[in-house]
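A.B. asks: Each chain is listed here by its residues.
Number of protein chains: 2
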Amino acid sequence: MPTYDVLAIGNAIVDVISHATDDFLIRHDLKKDSMELVDAERSDELYAAMGPTIETSGGSVANTAVGVAALGGRAAFLGKVRDDQLGGVYTHDIRAAGVDFDVPPATHGLPTGRSLIVVTPDAHRTMSTSLGIASSVTANDIDPARVGDAAITYCEGYLWDADPTKAAIRKAMAITRDAGNKVALTLSDGFCVERHRDEFRELVVDSVDILFANDAEIRSLYEVSDFDDALQRVRTDCELAFLTRGAAGAVVVQGDRVHVVSADAQGPIVDTTGAGDQFAAGVIYGLTNGLDLALCARLGSRCAGEVISHLGPRPHRDLKALVAPLLAT
Amino acid sequence: MPTYDVLAIGNAIVDVISHATDDFLIRHDLKKDSMELVDAERSDELYAAMGPTIETSGGSVANTAVGVAALGGRAAFLGKVRDDQLGGVYTHDIRAAGVDFDVPPATHGLPTGRSLIVVTPDAHRTMSTSLGIASSVTANDIDPARVGDAAITYCEGYLWDADPTKAAIRKAMAITRDAGNKVALTLSDGFCVERHRDEFRELVVDSVDILFANDAEIRSLYEVSDFDDALQRVRTDCELAFLTRGAAGAVVVQGDRVHVVSADAQGPIVDTTGAGDQFAAGVIYGLTNGLDLALCARLGSRCAGEVISHLGPRPHRDLKALVAPLLAT
Chain A
11 MPTYDVLAIG NAIVDVISHA TDDFLIRHDL KKDSMELVDA ERSDELYAAM GPTIETSGGS
71 VANTAVGVAA LGGRAAFLGK VRDDQLGGVY THDIRAAGVD FDVPPATHGL PTGRSLIVVT
131 PDAHRTMSTS LGIASSVTAN DIDPARVGDA AITYCEGYLW DADPTKAAIR KAMAITRDAG
191 NKVALTLSDG FCVERHRDEF RELVVDSVDI LFANDAEIRS LYEVSDFDDA LQRVRTDCEL
251 AFLTRGAAGA VVVQGDRVHV VSADAQGPIV DTTGAGDQFA AGVIYGLTNG LDLALCARLG
311 SRCAGEVISH LGPRPHRDLK ALVAPLLAT
Chain B
11 MPTYDVLAIG NAIVDVISHA TDDFLIRHDL KKDSMELVDA ERSDELYAAM GPTIETSGGS
71 VANTAVGVAA LGGRAAFLGK VRDDQLGGVY THDIRAAGVD FDVPPATHGL PTGRSLIVVT
131 PDAHRTMSTS LGIASSVTAN DIDPARVGDA AITYCEGYLW DADPTKAAIR KAMAITRDAG
191 NKVALTLSDG FCVERHRDEF RELVVDSVDI LFANDAEIRS LYEVSDFDDA LQRVRTDCEL
251 AFLTRGAAGA VVVQGDRVHV VSADAQGPIV DTTGAGDQFA AGVIYGLTNG LDLALCARLG
311 SRCAGEVISH LGPRPHRDLK ALVAPLLAT
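Respectively, the protein sequence lines represent chains A and B.
Last residue of the first sequence: number 339 in our numbering, and the count goes up by one each step with no gaps.
Last residue of the second sequence: number 339 in our numbering, and the count goes up by one each step with no gaps.
FYI, nobody ran anything at the bench for these hints, they're computed from the structure.
We treat Cβ as the ideally placed atom computed from N, Cα and C, and that holds for glycine.
Treat the hints with caution; some may be incorrect.
[As the list claims (entries may be wrong)] Short derived list, chain A residues pointing at chain B, Cβ under 10 Å:
id : residue
1  : E65
2  : V76
3  : D94
4  : Q95
5  : G119
6  : L120
[What the hints assert, rightly or not] Far from chain A by the CB rule (all over 10 Å, computed), these chain B residues:
id : residue
7  : A50
8  : D266
9  : R324
[To be verified] Derived lysine-lysine pairs resembling BS3-like cross-links, with alpha carbons at most 30 Å apart:
id : chain 1 : residue 1 : chain 2 : residue 2
10 : A       : K181      : A       : K42
11 : A       : K41       : A       : K176
12 : A       : K330      : B       : K42
13 : B       : K41       : A       : K42
14 : B       : K330      : B       : K181
15 : B       : K176      : B       : K42
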C-alpha cells in the first residue's frame, strides 16, 4: 500500500483576502471569478488599493491536501516557499493541518508567492496571484521515491503557467503511472485553460486518470458553450471526471456511468474561495477509501459546502464529523 | 480644532490566530484570557504546537484607532514595525482602514511584533506576545507637533512593559496636557496591572483624563475582589472612567454620575479578541463628537458587540451603519 493517499503538487501561495464591491473590480480591470497572474508591480498596485486584509495559507491542491488530512486521509504536499515570514507561516499551517511537507524553503530568489483575493458581496472571489518562488519547482524536486508512493498524485493546471513546473509535473505524472498509481488533474481556471488548451486536451487523453474541472473550465477545454456538450466529450476522453457547477451541484462521469449530485451548502455563503479544492478533497478521500463514485461526489459537495460558509480556502469545522452521516448510510 | 480626534500610541502587533481547546492552554501553561509576554524561543515553541492560523493586523489601541476611523472619526497611530513582510502587511492594513500611520519601518533590529492568539470553544482568547520591534518606540518618536494635535491621545498599559516606551508615553502625556487636550489610557490586561500597579495608580491620579479598564484590571489596580469597591475608588481618582464587564455590560463613572449600560451582542459570540478595543473606539468617537456619556458607552457596546461576532480584532461590518440607529435617537 502506498504511504500516502494523495500527494498534491502545486503552487504554495499565501492568500491575502479583502472585501470589495464589484465597482472595485471594474476600476482595477479585474475579471470576476478568475485567477490572473500578475507581476510584482501590479501586485503592489492592487494591494495598495485593497482594504484591510487577512492572511491565510492557500494554493489550490495544497488546500485539497489539507482537506484530505482533515477527513482522516494521509496527505503530502510538494511546492516551494522562501525562507521569509510568509514562507514560515505557510510551512507552519500546512504541517499543523496534518499534511507532510518537507521541501526545504529556498534561501534566495523570489519571495513566497501570494494571491490577492477580492471577495465581492455575492461571495465570489477574484484572484491576482504573484507566484514568486512557487513557480520554481523543477524536475529535480520530483523525488521518484516520494512521487511513486501515493495512491493519487494530484496536480494543478496552474502549474502549466511556468515551464520548469510544467516539466516537473510531466515527470511526476510519468513516475506515478509507472508505479501503478493514479494521476489526477484540476484544470484550475477558465483562463488558465485558454492559455494551455492544446496541452490540456492532450494531457486529459494521455496522462490523466481523474479529471477535476468546473463548468467554465470544461466548456473552455472543448470550446463549447453548452455544459452537456462538454460532458459528452470528456466521457470519451478521460477515464473518470468530476465536474462542478457551483450551486447546481456536480456531475461524475465514468464512461457510460453518470451521477448528478446536488450542492450541499452548510450555512450562508460567505466566500467561494476553495470550493473546488474542498470538493476534490472529499472525492479523493472517497476514492482512496474505495467508496462508490456517487458517494465520493456527495462527500465532495459537503466539504465544498463547509468551506464556502466562511472566509478562507481551508476547512474551519471538523470535516470528519461533518461527513460522518454520509458515511453511515 | 485638532487635526485628529484620536492619536493612538501603542504596540504594532500582527495577530496570529488559531482555535484550540482548553486542554491546549493547560498543556502549554497558558493563563486563559491573559496576555503574556514571551521571548522568541517560547513564541516559536507555541507556534509549532498551534494548529493552522490566520494572520490579521492587531495591537490594542491600533485596533481602537481603526474603529474610530470606521465610525467616521479622524484617527492616527504611532507605533513601530520592521521593514519585513508582516510589517508591510501591518502598514497596509492600518492605512487601508483610514488611519494615518507615518512612522517609517525600522531597517534593522527585531522583526515586527506578533501575538499568538488561541481562541477556545467558549470564544475567549489567550495571547502570547513577542513584542519584537514594537517595544522600540522611544521619546524621540514622540513628535510634539503630531502628539499635541489630537483631541485625545490614547495610550495602552502594555507600553509599560518596556522602559523606552514608558518614557515615550510619559512625554506624550505631558505634551497632550500642555496642548490642552485629553489623555486616555487603557489598563490593557490584569497581569499587566500586576506588573505596574504602583505606577498605574499614580498615572490614573496625575496624568490620565479618561480611563478604560475591564473588571479584572480595575479590581487588580485597587487590589479588591469586588467590582463595586473598585468603582468607588476610581470615581475619586480619575475624572472619567469606562469600565467594561463582558456580557454584564459597562459602567461609566464621572464623579457623582454613573451610567450602567448593557452589552449589545451583534450575533453569536465567536472570538472576544478586541472587544475592549472596539468599546473604546465607540466611546472615543462619541466623546470627540460631544455626545453624552451614556450614549458614548452605548456606541462602545455596539462596536464591541460587532467585533466579537467574528474572528479578529477589527470591525468587519460597516460600523457607521451599525451605530446609525443609536445616533438617530
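A.B. asks: Against this structure, judge whether each hint is valid.
C.D. replies: Okay, the hints, checked on the actual structure:
Interface hint at E65 (chain A): satisfied, since its Cβ lies 4 Å from the closest Cβ of chain B, which is below the 10 Å cut-off. At its closest, the beta carbon of V76 (chain A) sits 8 Å from a beta carbon of chain B; the interface hint therefore holds under the 10 Å criterion. Against a cut-off of 10 Å between C-beta atoms, the interface hint on D94 (chain A) holds, since the closest Cβ of chain B lies about 6 Å away. Interface hint status for Q95 (chain A): upheld, as the beta-carbon distance to the closest one in chain B is roughly 4 Å, under 10 Å.
Restraint check, G119 (chain A) versus chain B: the minimum CB separation of about 15 Å is more than 10 Å; hint violated. Interface restraint check for L120 (chain A): the shortest CB-CB distance to chain B comes to about 13 Å, outside 10 Å, so the restraint is violated. Listed as outside the interface, A50 (chain B) is consistent with that label: its C-beta sits roughly 13 Å from the nearest C-beta of chain A, beyond the 10 Å cut-off. At roughly 41 Å, the least C-beta separation between D266 (chain B) and chain A is larger than 10 Å, which holds for a residue marked as non-interface.
Here R324 (chain B) does not stay apart from chain A, with its beta-carbon only about 7 Å from theirs, under the 10 Å limit. Pair hint K181 (chain A) plus K42 (chain A) does not hold up; C-alpha atoms about 33 Å apart against a cutoff of 30 Å. Pair hint K41 (chain A) plus K176 (chain A) holds up; C-alpha atoms about 25 Å apart against a cutoff of 30 Å. As the CA atoms of K330 (chain A) and K42 (chain B) are separated by approximately 28 Å, the hinted pair is consistent with the 30 Å bound.
Using a Cα cut-off of 30 Å, the hinted pair K41 (chain B) and K42 (chain A) is violated, with the two alpha carbons roughly 45 Å apart. A threshold of 30 Å between alpha carbons decides the hint, and for K330 (chain B) with K181 (chain B) the separation of about 33 Å lies outside it, so the pair is violated. Taking the CA atoms of K176 (chain B) and K42 (chain B), the gap is about 26 Å. The hint holds against a cut of 30 Å.
Going through the hint list in order, the structure does not satisfy hints 5, 6, 9, 10, 13, 14.
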